[in-house]
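Required output: the full structure, derived from the provided sequences and hints.
Each chain, letter by letter, is given below.
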Amino acid sequence: MTALRTALDAASTEHLANTEAMRAKLAEIETEHAKALIGGGEKYVARHHERGKLLARERIELLLDPDSPFLELCPLAGWGSEFTVGAALVTGIGVVSGVECLIVANDPTVRGGATNPWTLRKSFRAHEVAEQNGLPVIALVESGGADLPTQKEVFIPGGRTFRDITRASAAGIPTIAIVFGNSTAGGAYIPGMSDHVVMIKDRSKVFLGGPPLVKMATGEESDDESLGGAEMHARTSGLADYLAADEHDAIRIGRRIVSRLNWRKQGPEPRSTVLPPLFAEEELLGIVPPDLKTPFDPREVIARVVDASDFDEFKPLYGSSLATGWAEIHGYPVGILANTRGVLFSEEAQKATQFIQLANRYDTPLLFLHNTTGYMVGKEYEQKGIIKHGAQMINAVSNSTVPHISILMGASYGAGHYGMCGRAYDPRFLFAWPSAKSAVMGPAQLAGVISLVSRGSAAAKGQPFDEAADAQMRELVEAQIEAESLPLFLSGRVYDDGVIDPRDTRTIIGFCLSAIANAPVQGTEKFGVFRL
Amino acid sequence: MADFTTADFDKTADFATGPLNTVLVANRGEIARRVFATCRRLGYGTVAVFSDADSDAVHAREADVAVRLPGTTSAETYLRSDLLIAAALAAGADAVHPGYGFLSEKEDFAQAVVDAGLRWLGPPPSAIAAMGSKVAAKKMMAAAGVPVLRELSADEVGEADLPVLIKASAGGGGRGMRVVRSLAELPGQWDAAQAEAASAFGDGTVFCEQYIETGRHIEVQVLADAHGTVWAVGERECSIQRRHQKVVEEAPSPFVQAHPELREKLFAAARDAAAVIGYVGAGTVEFLVAPDGSFAFLEMNTRLQVEHPVTELTTGLDLVAWQLRIAAGEALPASGEPGTCASAIEVRLYAEDPAKDWQPASGTLHRFAVPGVSCEFEVVETATRTEPLLRLDSGVESGSVVGVYYDPMLAKVIAWAPRRAEAARVLASALAGSEIHGVVTNRDLLVNVLRHPAFLAGDTDTAFFSTHGLDVLAAPLASPETERISALAGALAVAATHRAEASVLGGLPSGWRNVPSQAQRRVLAAGASEYEVRYRFGRDGLVASGFDGVGLVSATPAEVVLDIKGLRRAFRVGRHADAVVVDSPLGSVAFTVVPTFTDPADAVAAGSLLAPMPGSVVRLGVAGVGDVVEAGQPILWLEAMKMEHQVSAPVAGVLSALPVSIGSQVEVGTVLAVVAVVEEGESA
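Line by line, the protein sequences give chains A and B.
Throughout the first sequence, residue numbering follows the numbering used here, covering 1 to 532 in sequence.
Throughout the second sequence, residue numbering follows the numbering used here, covering 1 to 684 in sequence.
Calculated directly from the structure, the hints in this document are not laboratory data.
Built from N, CA and C at the ideal position, the CB exists for glycine as well.
Treat the hints with care, as some may be off.
Covered, in the sense of this in silico footprint (three residues per stretch, anywhere, with C-beta under 8 Å from a C-beta of chain B), are these stretches of chain A [said to hold, decoys possible]: (1) 222–229; (2) 241–253; (3) 497–509.
Sample of chain B residues with no beta-carbon within 10 Å of chain A, all distances over it, derived [unchecked claim]: (4) 196; (5) 336; (6) 502; (7) 626; (8) 650; (9) 668.
In structure tokens, the structure reads:
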């Protein structure tokens with residue numbers, strides 16, 4: 001046991017200032033979460049309730065095992081777009097009848113639960129999580145289909161929705177659809193493709209074409225119930241496996257279905273007795289300085305996240321700008337890579353490569369704690385082969401088959417974002433702290449680079465350089481890049497799985513590791529050719 | 001003391017010689033255990049008998065040998081003298097102890113035991129016979145100079161005699177007694193009492209005597225050996241009664257303490273009563289004492305009394321041990337009657353609901369724990385003791401099933417203390433702190449009585465419940481606010497259970513959400529009240545709507561500690577399937593967790609009549625489905641605990657279902673009938 005010590009002084013002005021800055025950012029995030037929670041707004045929520053219907057989150061709460069935790073994914077999807085924050089869909093992982101399930105619920109208060117481009121991205125991400133981690137999928141369906149004004153961005157890629165359901169089924173992942181209302185036209189294939197279908201008397205409506213469309217197509221007179229009512233599907237078409245009396249009953253049946261899946265987790269079991277960290281999670285608020293140019297020691301974070309603050313550091317004396325080491329979180333072993341001073345040099349890249357190989361040898365999941373400005377540039381470093389070494393690290397990260405979890409604490413710039421397993425590298429989960437920023441480089445640097453390039457260009461052409469215009473340009477670019485590197489913006493684009501309160505980090509990683517353990521955890525010996 | 005010997009009456013003749021090594025107790029529950037306890041202490045072997053309903057009962061388990069009595073009803077089992085004697089012989093018992101109730105006062109049984117060559121651990125059959133008929137016994141007592149109440153025949157009762165009490169001559173334990181307050185109702189009650197006595201005791205003889213409303217029931221314990229010595233071993237007061245059955249008993253009597261000159265008169269009368277019938281063994285002579293101190297002989301119980309422990313704790317005598325010694329021919333010591341010391345109070349814990357007309361309760365007693373018990377079934381010497389003492393004589397333990405076939409008494413709890421007020425306080429606090437889960441009991445009533453100023457003042461008479469109001473005395477200890485806060489504690493304990501039992505993610509915070517949208521919801525029902533508890537655990541602790549100022553200190557499945565506006569209180573929680581019982585010094589509250597989901601197939605139709613208790617359907621008040629019924633019209637009668645309970649239509653309507661028939665055995669909650677309300681304009 002190697003318990004980390006802390007150098008943090010929670011009473012220092014610096015810590016207090018950091019905490020205050022973090023709280024302000026958290027308040028901002030909470031405001032945006034509140035928008036997702038209210039969905040279509042009070043009026044539509046009230047109307048939905050008046051119809052005797054439950055809200056998406058109320059359905060989820062009923063479905064979950066009482067008092068069990070629920071990890072909502074991508075709650076900010078669609079932020080900064082023309083669509084409602086949350087994208088008319090609630091997704092997350094929760095425990096149903098003792099089984100961790102991926103739950104997807106349409107929010108019918110938002111334009112009838114219609115699918116917009118962000119809904120689609122969010123639902124793809126949810127299915128990806130289910131598929132990668134082998135989680136049963138429960139869809140709580142009530143959607144009016146595609147958002148017609150944006151159908152061009154929904155229709156063609158949206159076909160993947162149905163493909164994903166049946167591929168999950170083929171992969172042995174149970175799929176359950178509980179139809180609370182409309183699930184018509186293309187939406188009809190959601191129950192159509194699912195392994196288990198529950199419909200609700202007088203509520204579910206599942207057909208390819210409604211009465212007007214049928215009238216147009218064939219001239220046949222029909223009604224909703226005969227075309228797609230729950231009774232009809234349960235007794236005549238056989239599309240519904242269970243006929244529920246009401247929403248509660250449908251959820252009850254859904255829970256019974258899960259309890260009969262005979263579900264066995266394929267991954268490792270956690271240690272039975274877990275010790276909490278030695279230091280207060282509350283202090284996680286004050287570790288990251290508001291100005292990311294100031295480095296911070298990620299070991300202070302690790303000390304507040306891992307079991308018993310117990311961390312065995314690997315190669316502590318080599319490549320010290322990246323800390324690597326072994327720990328357990330909620331009883332699951334992990335290898336941790338954490339940037340200590342932002343820049344990655346050749347030594348850090350090589351150390352990371354070796355560490356990732358070791359984790360694959362021992363089937364140990366990896367946790368990446370981001371605060372990187374990227375790989376070092378400069379003549380000396382280029383000549384020493386920083387590209388080769390960075391490529392080694394990216395090779396290792398890309399081909400590693402143990403599960404990865406990324407937490408963006410501070411900066412995550414440039415190729416450093418890739419080497420530390422950014423979104424494109426398929427970490428099983430990626431969450432950002434409100435303090436995080438991610439872009440090709442820092443906003444000031446990016447603006448500076450553009451300025452230098454245009455100054456050079458002007459000089460080459462022998463033209464005078466407009467200093468005032470340059471200053472204005474720099475300001476504009478800096479502001480734009482700053483805005484586009486913030487977590488709200490990135491989360492809105494579904495580039496992460498959510499912006500989290502730093503104090504929840506341990507809980508969320510523990511949650512993810514447990515979800516991950518539904519699928520086998522297996523490393524690889526197969527990597528790309530390492531350019532040595 | 002008075003030695004009473006009759007030279008021409010050799011009482012040892014009734015007591016067969018030969019070894020006395022093994023005792024069969026022809027009884028069940030706490031009294032069987034009580035006798036076994038002394039037997040074990042004195043080295044006797046023990047034999048239990050058990051009915052099929054009692055096959056897992058404690059008394060059957062702890063004897064050396066247990067003999068099955070096939071069947072469940074008393075008539076099939078504990079009242080079958082042939083089976084009991086056969087059991088004694090088969091198990092090698094050489095003595096039979098009858099306990100109380102059942103066959104304890106049947107001289108035929110006593111005689112059959114003796115005839116089978118076994119010892120009868122009770123008085124001679126002739127003494128039982130002498131007291132068996134209350135009418136005859138009174139005459140005999142009057143002749144011996146013991147004061148008795150004048151007996152009245154039905155036609156000689158006048159307005160001045162009212163109220164009067166009709167009693168069954170062969171009755172006991174309060175059964176078959178009727179109070180008559182007007183001459184008009186006398187003939188009807190007389191006939192009814194005769195019918196009841198005939199069916200219950202096989203003897204329809206009833207008699208009538210003046211009813212003393214505010215009298216006190218004071219009795220004297222006697223011990224008589226076979227050599228002519230009769231001891232009066234202290235008096236007991238058992239005035240607090242329900243339906244003529246004792247609930248609280250104590251020694252000494254507060255009334256006698258206040259009127260010490262009365263004691264020797266009562267003792268002398270008791271000795272005389274025992275002597276005149278040649279009594280041998282332990283017995284009790286019961287008197288009714290009027291407020292002016294005059295008293296009259298009521299009856300003599302020719303057996304060990306339920307309330308004998310208060311005498312044991314105040315005298316130090318093990319009465320069961322003396323029953324055995326006397327049966328073996330031993331004489332009472334020459335040292336004479338023991339003195340009594342300090343004060344002992346016994347309460348009878350019944351499985352019954354005092355607020356619902358004393359309706360007997362049944363079910364599984366999931367947990368039964370009385371705190372601070374010093375001894376069980378044990379006679380502790382108190383002469384030099386200064387610390388209070390708590391004795392438990394229980395027929396049940398955690399997990400026992402309380403059935404409908406026998407007396408609903410679960411246990412007796414007895415406190416002894418140097419002062420009466422201390423004994424009452426110790427007993428009340430032990431009862432209040434007891435964990436009694438799964439079965440409704442009279443516990444709260446007992447605590448209310450023990451804490452009542454009139455009780456503490458010694459102001460007890462047989463009208464105690466009506467004088468002070470059953471609504472007050474049977475009120476739950478837990479106030480409405482306690483019930484509400486207990487619901488919160490219960491919900492939090494259930495949450496802790498959920499977390500402890502979680503197969504995945506059990507180590508994560510309870511109900512954790514990264515995007516909290518709503519609270520956890522749990523509905524707990526206590527009787528007719530439903531409590532919807534909404535709670536969430538935020539970073540600053542518990543957030544529960546309607547519970548401002550209430551903080552959570554700790555929660556486990558078994559205990560929840562709350563900080564209620566600065567007062568830290570611990571709530572012990574027992575969970576048994578859907579039942580959640582929350583115990584605290586504020587009172588015990590039994591909840592049922594209302595399930596979140598109900599299978600529509602299990603839903604109970606509106607207008608359903610559910611069985612209020614387990615029992616069997618004895619009569620129907622309707623012809624069948626389709627009958628038009630008025631609100632309040634009897635639909636059927638359920639028999640439980642030998643009492644008939646009427647089940648009536650709650651509303652006017654049409655009987656749409658009647659899933660039971662005469663003879664159906666039903667559990668609590670069984671649908672007995674469904675009454676469909678007929679809408680106006682709709683034809684029936």
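Inset, instruction - Evaluate the condition: distance from the CB of residue 626/B to the nearest CB of chain A exceeds 10 Å. - result: The claim stands: residue 626/B keeps its Cβ more than 10 Å from every Cβ of chain A (closest is about 28 Å).
Legend entry - Distal placement of residue 196/B relative to chain A, Cβ over 10 Å: Correct as stated: the minimum Cβ-Cβ distance to chain A is 50 Å, above 10 Å.
Inset, instruction - Take the region 222–229 of chain A, compare each residue's beta carbon with every beta carbon of chain B, and decide whether three or more fall closer than 8 Å. - result: Since 0 is below three, the answer is violated.
Legend entry - Reported absence of residue 336/B from the contact zone with chain A (all CB gaps over 10 Å): It holds; residue 336/B is separated from chain A by about 67 Å at its closest Cβ, greater than 10 Å.
Inset, instruction - Verify the coverage statement for the region 497–509 of chain A against chain B, using a C-beta to C-beta distance below 8 Å and requiring 3 or more qualifying residues. - result: holds (count 7)
Inset, instruction - Would you check whether the claim that residue 502/B is not at the interface survives, using Cβ distances to chain A and the 10 Å cut-off? - result: violated, 6 Å
Legend entry - Annotated coverage of the region 241–253 of chain A by chain B, confirmed only when three residues or more have a Cβ within 8 Å: holds (count 5)
Inset, instruction - Check the non-interface label on residue 668/B: least C-beta distance to chain A beyond 10 Å or not. - result: It holds; residue 668/B is separated from chain A by about 25 Å at its closest Cβ, greater than 10 Å.
Legend entry - Closest CB of chain A to the CB of residue 650/B still more than 10 Å away: Holds, because the least Cβ-Cβ distance between residue 650/B and chain A comes to about 25 Å, which exceeds 10 Å.
Hint compliance for this structure: hints 1, 6 are broken, all remaining hints hold.
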